[in-house]
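Asks: Each chain, written out:
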Amino acid sequence: MSENFNIDDISNLASIELSEDEKAKLQKDLQIILEHVDALKNIDVKDQKIDIHPLSKVLELRKDESKESLKHEDAMMNSPETKDGHFVVPPSIE
Amino acid sequence: MKPSELFEQVYETASYTESVLHAHLELFYDEGLKLSKESDKRYTKNESLGLLDGIPIAIKDNINIYGYKTTCSSKMLSNYVSPYDATVVTSLKKAGTIFTGKTNLDEFAMGSSTENSAYGPTKNPWNPDFVPGGSSGGSAAVVSAGSAVASLGSDTGGSIRQPASFCGVVGFKPTYGTVSRYGLIAFASSLDQIGPITNTVDDTRIIFNEIQGYDSKDATSITPEYTKLENKKVKVGILKELMQEGVSNESQNEVNKVVNLLKEKGHDVTEISLPLTEMALSVYYLIAPAECSANLSRFDGVRYGIREDASTSYEMMNKTRSVGFGEEVKKRILLGTYALSAGYFDEYYGRALKVRSKIITDFKTAFDKVDFILSPTTPTPAFGFGEKTKNPLEMYLSDLCTIPANLAGLPAISIPTGLSENNLPLSVQIMGKPCSDYSLIDFAESIEEMVEFNFSPNLLKENNES
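Protein sequences appear in the order of chains A and B.
In my numbering, each residue carries its 1-based index in the first sequence increased by 112.
In my numbering, each residue carries its 1-based index in the second sequence increased by 17.
It is possible that some hints are incorrect.
To be verified - Straight-line C-alpha distance at most 27 angstroms; calculated DSSO-like pairs for lysine-lysine:
hint, chain 1, residue 1, chain 2, residue 2
1, B, K257, A, K153
2, B, K111, A, K179
3, B, K257, A, K179
4, B, K405, A, K135
Hints listed in this document are in silico derivations from the structure and should not be mistaken for laboratory results.
Full structure from sequences and hints, please.
Replies: What follows is the structure, encoded as structure tokens:
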């Protein structure tokens with residue numbers, strides 16, 4: 113399965129720019145890992161159900177109630193750039 | 018001893034050990050001293066908040082404490098200041114705990130040696146040529162070295178128990194969902210669990226008691242109904258798959274030693290086999306990276322963390338993530354992205370989830386026959402720096418014995434039992450049924466009394482002699 117691994121495609125999907133040295137090292141390491149996990153192919157998983165929570169708990173959403181939360185300025189205090197209570201980013205279109 | 022005197026003593030130890038170990042990333046001396054003096058007053062007035070009032074505890078640097086940095090040992094979050102407290106931190110603050118500081122880890126908790134920290138590795142107090150384990154290497158080293166009375170770590174595949182074992186202290190991963198993960202920077206959400214690292218099993222009980230409980234801020238949190246043991250004589254299973262090739266004789270001998278002690282006390286010990294545990298590592302290295310690739314997508318240079326300058330948003334994100342993440346984190350994000358990508362989802366992630374469910378079922382069946390499962394915590398004692406960095410699988414194999422408990426959400430505890438030929442600690446791990454946390458702790462305490470592990474690291478001896 114792992115022969116189709118293309119480091120350029122995957123780094124693009126993951127939004128991580130890689131140097132040529134990094135690509136070579138990571139490609140090699142990832143091949144080793146993918147060959148190891150190939151062992152799972154030999155396990156019969158036909159009709160096997162999936163547990164989303166290890167203890168089979170049904171995940172619940174909180175009630176739709178208004179409660180005190182983080183202050184706006186606290187939530188934004190770690191942003192590299194803000195203006196008038198908004199995040200500032202470079203243009204999305206060149 | 019007054020809390021402020023205890024705090025000064027711990028801080029004095031830290032000022033000596035930190036120059037060798039690099040276990041704390043930040044020490045909170047002024048704040049700690051101030052709070053410990055407030056604790057002094059409470060004791061004087063007989064108004065102590067409980068057993069943890071005035072006790073100095075270190076916190077792994079992937080858990081938020083309001084007003085302090087939480088870097089996850091990553092360049093990405095080098096400037097991140099926590100805008101809120103994690104639920105476990107709120108609980109410990111209410112109990113009067115004093116925080117010594119934040120401890121080093123493998124970047125974003127991904128690793129088994131702290132060699133992946135962007136701020137340099139932590140060293141093992143028993144021998145600084147060896148790793149302290151990871152990812153909670155700093156949290157284990159500070160307890161072992163005496164620069165904190167206890168600490169909190171997080172455990173995704175063994176990150177509390179493996180470093181606790183390498184540093185000769187107790188490490189406990191509670192049942193998944195019993196301790197809130199709110200305020201823990203997420204790595205792999207279906208596996209992550211916060212837990213204590215301590216010198217004794219009793220200390221573990223006290224801290225777990227304080228931090229456990231339902232929290233509506235964590236969607237995976239449960240209302241635990243803890244089970245009790247009916248009999249004092251228990252049934253213990255020895256997991257065959259963790260007592261064979263791939264696990265050193267030294268590690269296996271520790272289990273055999275404990276088995277003999279248990280038999281002497283009249284406990285029933287039998288060998289059990291769970292063949293799919295041999296697949297646990299493969300399952301883990303698909304599920305954990307897949308969840309990490311989703312969780313770490315939030316680090317995009319917009320809301321928090323560093324930002325690299327670029328002319329477009331897309332370029333800015335790519336450059337920021339390239340500069341901010343270290344090699345191991347990039348590797349796992351890429352692996353997870355691949356496992357989740359169109360055309361490969363069913364083959365990799367979907368299949369891993371199904372095998373995980375089979376492993377969960379196997380453990381359920383095993384626990385119909387036994388109360389606890391005993392194994393080594395780690396395949397070997399601590400290894401040297403650089404020894405396992407060339408091949409990723411070699412490093413990953415050091416979590417061979419600890420990963421199954423994370424996959425099945427089980428509580429598991431590591432307790433030190435002896436020393437290796439080269440004077441490094443060795444431990445056993447005990448796994449219990451879900452929500453058997455307190456009976457597991459009780460049983461671990463009985464083993465602790467039987468083995469009488471009374472050794473301390475060379476670093477402390479040198480400090481006392483100087």
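Asks: Next, verify each hint and record whether it holds.
Replies: Tested hints:
1. B:K257 <-> A:K153: holds (23 angstroms)
2. B:K111 <-> A:K179: Given pair B:K111, A:K179 holds - Cα atoms ~21 angstroms apart, limit 27 angstroms.
3. B:K257 <-> A:K179: Distance ~51 angstroms between B:K257 and A:K179 Cα, so the pair is violated.
4. B:K405 <-> A:K135: Since the Cα atoms of B:K405 and A:K135 sit roughly 20 angstroms apart, the hinted pair holds (cutoff 27 angstroms).
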